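Protein chains: 4
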Amino acid sequence: MSTLRVAIAGATGYTGEELIRLLLNHPHVRLTYLAASAKWDRPVPVSQVYPRFARKLDVSLEALDPARLIESCDAAFLALPHGAAMELAPKLLQAGKRIIDLSGDFRLGNPSLYPRWYQFTHAHPELLTSKRVVYGLTEYHRDQIKAADLVANPGCYATSILLAALPLFQQKLVEDGRLLVDAKSGLSGAGRKAETSLLFAETAENLRPYKVNSHQHMPEVLQEIQRVAGATPKMGFTPQVIPIVRGLMSNLYVKTSAGADRIAAAYVARYPAAQAPFIRIRPGSLPQLRDVIETNYCDIGFVHDPDLGYATIGSALDNLTKGAAGQAIQNLNVMYGFPETAGLL
Amino acid sequence: MSTLRVAIAGATGYTGEELIRLLLNHPHVRLTYLAASAKWDRPVPVSQVYPRFARKLDVSLEALDPARLIESCDAAFLALPHGAAMELAPKLLQAGKRIIDLSGDFRLGNPSLYPRWYQFTHAHPELLTSKRVVYGLTEYHRDQIKAADLVANPGCYATSILLAALPLFQQKLVEDGRLLVDAKSGLSGAGRKAETSLLFAETAENLRPYKVNSHQHMPEVLQEIQRVAGATPKMGFTPQVIPIVRGLMSNLYVKTSAGADRIAAAYVARYPAAQAPFIRIRPGSLPQLRDVIETNYCDIGFVHDPDLGYATIGSALDNLTKGAAGQAIQNLNVMYGFPETAGLL
Amino acid sequence: MSTLRVAIAGATGYTGEELIRLLLNHPHVRLTYLAASAKWDRPVPVSQVYPRFARKLDVSLEALDPARLIESCDAAFLALPHGAAMELAPKLLQAGKRIIDLSGDFRLGNPSLYPRWYQFTHAHPELLTSKRVVYGLTEYHRDQIKAADLVANPGCYATSILLAALPLFQQKLVEDGRLLVDAKSGLSGAGRKAETSLLFAETAENLRPYKVNSHQHMPEVLQEIQRVAGATPKMGFTPQVIPIVRGLMSNLYVKTSAGADRIAAAYVARYPAAQAPFIRIRPGSLPQLRDVIETNYCDIGFVHDPDLGYATIGSALDNLTKGAAGQAIQNLNVMYGFPETAGLL
Amino acid sequence: MSTLRVAIAGATGYTGEELIRLLLNHPHVRLTYLAASAKWDRPVPVSQVYPRFARKLDVSLEALDPARLIESCDAAFLALPHGAAMELAPKLLQAGKRIIDLSGDFRLGNPSLYPRWYQFTHAHPELLTSKRVVYGLTEYHRDQIKAADLVANPGCYATSILLAALPLFQQKLVEDGRLLVDAKSGLSGAGRKAETSLLFAETAENLRPYKVNSHQHMPEVLQEIQRVAGATPKMGFTPQVIPIVRGLMSNLYVKTSAGADRIAAAYVARYPAAQAPFIRIRPGSLPQLRDVIETNYCDIGFVHDPDLGYATIGSALDNLTKGAAGQAIQNLNVMYGFPETAGLL
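Protein chains in written order, with my numbering: chain C, 494 to 838; chain B, 494 to 838; chain G, 494 to 838; chain E, 494 to 838.
This is chain C alone, in the form it adopts within the complex (with noise of 0.2 Å):
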């Protein structure tokens, strides 16, 4: 297999960052531009910025410029900030780039959503009903990844909820048409961003619930469990910071009376070992997220009580691997015809 060359904007970003050093170890891919959003005067040493990667890559990060970026690679991830990406995608698809966007840019169908989720109007909205740009999320569109220009890499959240809940939404396990989710993330999700609220000091010793039935990955989870499965539920989602850099869990609590075994094969089914590699399931228990951290599993455990007529869902993952640069990498592994664990175990 020939190598792909690959940039990266947005590059010193906590998801940059996990991306360089995921695809370091990529059999297929060479990393030939790095970028950020930075005023730098002139291209700074990776080693610099990042000393963990040293010797092990020669490319330098520099100041965003996309025509640079556009000469250097055949396929781009943006790790951008809410907003960037609808400006700079286009004109990468344009010169034949190919794409995967970590950003909430081109998750939504429907533009009409974007200025209330997003707070911006898009400025491409003919993009978000493309045929060219796809809903990342691997186990459930491998088809169209693969034949996609633009792949828009779904939420860490939305990630961690939708692997759990579309098994049961397609076997209409759930009852009562409500889905309520209860979820931790790490400080690293929030971003590298110089704000009081993210300092050592206010986050260790807490827990904070922030935007609570409001978060903005809400309405790619509805989306995708209608699409896929063609439910409309409604949900409750309660987001919260813990004091952990890595690792996000997402309880779900879901009404049913299929028992433990129905629900265990609804899971078995969807994601068998062999066509679902990063699906671990596990029955009878929640899982943890130490066994996570740093993979890209999503390891999904549950516990059903028939009196109660609730499953509890637990779903585990990183939120920089699986729910950020490991699916992207798994995505760009599917677009690209490369084994679909390529770089991620």
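Hint data in this document are derived by calculation from the structure and do not stem from the laboratory.
Watch out, some of these pointers could steer you wrong.
The following label-pair restraints were derived from C-beta to C-beta distances [unchecked claim]:
(1) E:T689 - G:P776: 18 to 28 Å
(2) B:D669 - C:Y703: 48 to 58 Å
(3) C:P583 - B:P776: 36 to 46 Å
(4) B:P799 - G:A531: 44 to 54 Å
(5) B:S605 - C:A687: 31 to 41 Å
(6) B:K624 - G:L517: 14 to 24 Å
(7) G:S623 - B:P776: 30 to 40 Å
Mimicking DSS-like on lysine-lysine, the simulated pairs with C-alpha atoms at most 30 Å apart in a straight line are [to be verified]:
(8) E:K727 - E:K748
(9) G:K748 - E:K727
(10) C:K639 - E:K665
(11) G:K665 - E:K686
(12) C:K665 - B:K704
(13) B:K686 - C:K704
(14) E:K665 - G:K748
(15) E:K532 - B:K686
(16) G:K686 - C:K532
(17) E:K704 - G:K704
(18) G:K727 - B:K549
(19) G:K727 - E:K532
(20) E:K686 - B:K704
(21) G:K727 - C:K686
(22) B:K727 - C:K704
(23) G:K704 - C:K532
(24) G:K665 - G:K639
(25) B:K686 - E:K748
(26) B:K549 - G:K639
(27) C:K727 - B:K686
(28) B:K665 - B:K686
(29) B:K727 - C:K748
(30) E:K532 - B:K704
(31) C:K549 - E:K727
(32) G:K665 - G:K704
(33) E:K748 - G:K665
(34) G:K727 - E:K686
(35) B:K639 - B:K584
Being a predicted model, the structure only gives us computed values, none of them experimental.
For glycine and all other residues, C-beta sits at the position ideal for the given N, C-alpha and C.
Chains B, G and E: place on chain C using the hints.
Okay, now just chains B, G and E, sitting in the frame of chain C:
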């Protein structure tokens, strides 16, 4: 007011340590006896075990001796492992001492529940149904606590859940007879036990669910909802350990079409500031842990989504304070007619 | 004793918050004015910024207004960024108010040191040499503090180093005129500043040295060793940030052939328990941080190796308490003739 | 190159786990046997103990059986508690196996040191002076390691200290024959032991010095300085535990009038990038831990203050990687003629 002589049995656990911390600031109490099950040959200065209490306390720590305990105190806090208070309490009661027990030994009125939830057969079932023994959820049983000889201090999870759930059940706002709780606790909740699973290197950068739908605090929650509100809901419960030392957050998910105003009204009516000085109601969002750490407050916030038909209620407290030692002292204050906030603000 | 009216300028930083926490338990003080440089349109209830102080304090937080400050208080704590107290203090002094300043603005007697160590030229050099201004290392300057109008509260590192070093220099036990210090501080020491380097995801699982041999607390250490002990050592200093919220540990390495007994004697003689209630001497080992957190203690332990010819001295304190707000209150107590431990045990 | 069959005895400790993590990416090695002292009735799938290694490894964990170990491997890593390798190693050597031992059992050449520093009498003193046994500080003993049958892998503290100290002693830059070291380690360095002092609730928000001037890594440091540089300094050593999982930082304080340039030259000459791929020299500042975590790098930075006459040298590494498993694999690579960085970049 005269000074009450108070003993602590189990002074070397986290709860015992918190009792000392708080009682040192109590205006009407004098610590006269501190004991632990440790096998000390002779009394050890408290400053040796707890240097931060040096110069504040001249009582030594000694090996637990019931006779010494009885002669030293008017009232005793028992902060012993489950099963130990069951043996010790009758001796103290016979000697005319009043007790606040922080274990689960006297929380359940039905002795037949002990083998399943606590793995022992209760040695004194007659006490469980005696009027001398009262479940110490202060805000709900002040009159009985005042007259009690033994107060069974509620569990930390149970306290946070009940304070948030009872007003809703009393007002009959819960529509489907179900109570779903997703809770997170700091490591001090597990006690000062030499177990591999509690090591820093196992728990840092981790979140671990455990005892899903099978935690021993469930029966006291259900017992109390029935006693106070006459309701018999089914309960789902997901306790989780997160890497903090102190703090406990319970999120309750409750089906209700009552709007935010009615919910707020239910809480405000049940917990008027003048009569429930440690309950703070925060409509419109969920509380964070920082605001309650090392306080006796329980912060209750909620969000109601009319479209979803569910209320999400967050109940935050410090597991060692309002969830254990603080509430225990609050109960002592009620038992002896001290101001309820004495030593706790 | 009558009640002193006390103000805090800079009440929204970590030091300001700690001042509030401690002063709420002070028997002779009433908080009458809390201000911050934040641009609030109108006063904000303290419970909104600090929910844990709710029901304990009915003063609001407001934008700093010198006139309001002057009229509201008898004495003021200034917990402002470096450079701000220098402008504000003269106005307060002129109005007859007494000040405890927690910044570095008045710590150095030689104005020519400010440009190098604090990057500003001092606007009121005459105050630096005035007898009205005293360096507030309580254990060493009680008499002058009693008479002072402005107490320059020592830096957190400086406090821990000086309390451990001064007895050795006074007793002339340091043989080569060198003081080597390796120190570690929690993140609250850096203040509540929105800087990327202070984020949880940057500081957790990290240790970061900074300003090696160039930290601004060095000149006040050297100045004080000269004033108190007449010595002019050379100093090496390695400050480091570790992932804790509070706490500061300074290890001193000192060449000396004095045996452990003479060293112990030097400390015990200088800090008799009755006269130095916040200094605890622990020969034979180095203290741990837990024992001093949220206390005003400075724990000093040491090991002397005769073969090596060096003493290793550990000096542990809470950077927000004995290293800032606690010592500031200790100084207030001395200034006004309150018991030195008032509000601090 | 053919594939080497490799065993790990002690696979359930943190070091054993790190060996697995790294060896899974090693191109010339196959894990054939994983054992622990745990009393398992039958082999346990590695994915049960370490879910993150699932799908990467099909070897089971089993109770340590010397015969099975011998028949399964060409070379063995021993990651056992101190004292265990001493008994096991001779059997393996007799069977013609080569060993990398990660305990202290073969680090000291003088058997008479064991009772004092390790609390046991060495059972095979003849091995300690045998040429078959080599101290595995890779950067200094490549030739002997190549020929060794048993490599005694250096201690974590010792590695960080020696890599920083040896060039200075070799260049005779240390002027007073003293080496003062202030070091901090994460909790994984203490091993996966069920001890109260290692609990999250005891170690979070704490820093704890221990074994000051009496840690068992001291004699190997002094032995190696003598062997390599012919110097016999006196050493002061302050090890400390800080609340991180991985990472170790040693600060060395060394009297020298050599300027920064000569010090830099000493390091650069001793560790040219081409020949010491895991040593990174950073003149002018001290390294932070983040840059080395989960890498095999040792970052050495320094500051020299001519006026003080001391150099402050910081040496940072990951205690589980360069401080244990990584260096062990580096030694394996040397022993078998693999590229020294195989599996480690």
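We went through each hint and held it up to the structure:
no.: 1; hint: E:T689 - G:P776: 18 to 28 Å; verdict: 25 Å, holds
no.: 2; hint: B:D669 - C:Y703: 48 to 58 Å; verdict: 27 Å, violated
no.: 3; hint: C:P583 - B:P776: 36 to 46 Å; verdict: 44 Å, holds
no.: 4; hint: B:P799 - G:A531: 44 to 54 Å; verdict: 36 Å, violated
no.: 5; hint: B:S605 - C:A687: 31 to 41 Å; verdict: 58 Å, violated
no.: 6; hint: B:K624 - G:L517: 14 to 24 Å; verdict: 40 Å, violated
no.: 7; hint: G:S623 - B:P776: 30 to 40 Å; verdict: 54 Å, violated
no.: 8; hint: E:K727 - E:K748; verdict: 13 Å, holds
no.: 9; hint: G:K748 - E:K727; verdict: 12 Å, holds
no.: 10; hint: C:K639 - E:K665; verdict: 63 Å, violated
no.: 11; hint: G:K665 - E:K686; verdict: 45 Å, violated
no.: 12; hint: C:K665 - B:K704; verdict: 28 Å, holds
no.: 13; hint: B:K686 - C:K704; verdict: 37 Å, violated
no.: 14; hint: E:K665 - G:K748; verdict: 21 Å, holds
no.: 15; hint: E:K532 - B:K686; verdict: 22 Å, holds
no.: 16; hint: G:K686 - C:K532; verdict: 22 Å, holds
no.: 17; hint: E:K704 - G:K704; verdict: 28 Å, holds
no.: 18; hint: G:K727 - B:K549; verdict: 39 Å, violated
no.: 19; hint: G:K727 - E:K532; verdict: 58 Å, violated
no.: 20; hint: E:K686 - B:K704; verdict: 24 Å, holds
no.: 21; hint: G:K727 - C:K686; verdict: 40 Å, violated
no.: 22; hint: B:K727 - C:K704; verdict: 28 Å, holds
no.: 23; hint: G:K704 - C:K532; verdict: 26 Å, holds
no.: 24; hint: G:K665 - G:K639; verdict: 28 Å, holds
no.: 25; hint: B:K686 - E:K748; verdict: 45 Å, violated
no.: 26; hint: B:K549 - G:K639; verdict: 26 Å, holds
no.: 27; hint: C:K727 - B:K686; verdict: 43 Å, violated
no.: 28; hint: B:K665 - B:K686; verdict: 41 Å, violated
no.: 29; hint: B:K727 - C:K748; verdict: 12 Å, holds
no.: 30; hint: E:K532 - B:K704; verdict: 26 Å, holds
no.: 31; hint: C:K549 - E:K727; verdict: 39 Å, violated
no.: 32; hint: G:K665 - G:K704; verdict: 29 Å, holds
no.: 33; hint: E:K748 - G:K665; verdict: 21 Å, holds
no.: 34; hint: G:K727 - E:K686; verdict: 43 Å, violated
no.: 35; hint: B:K639 - B:K584; verdict: 21 Å, holds
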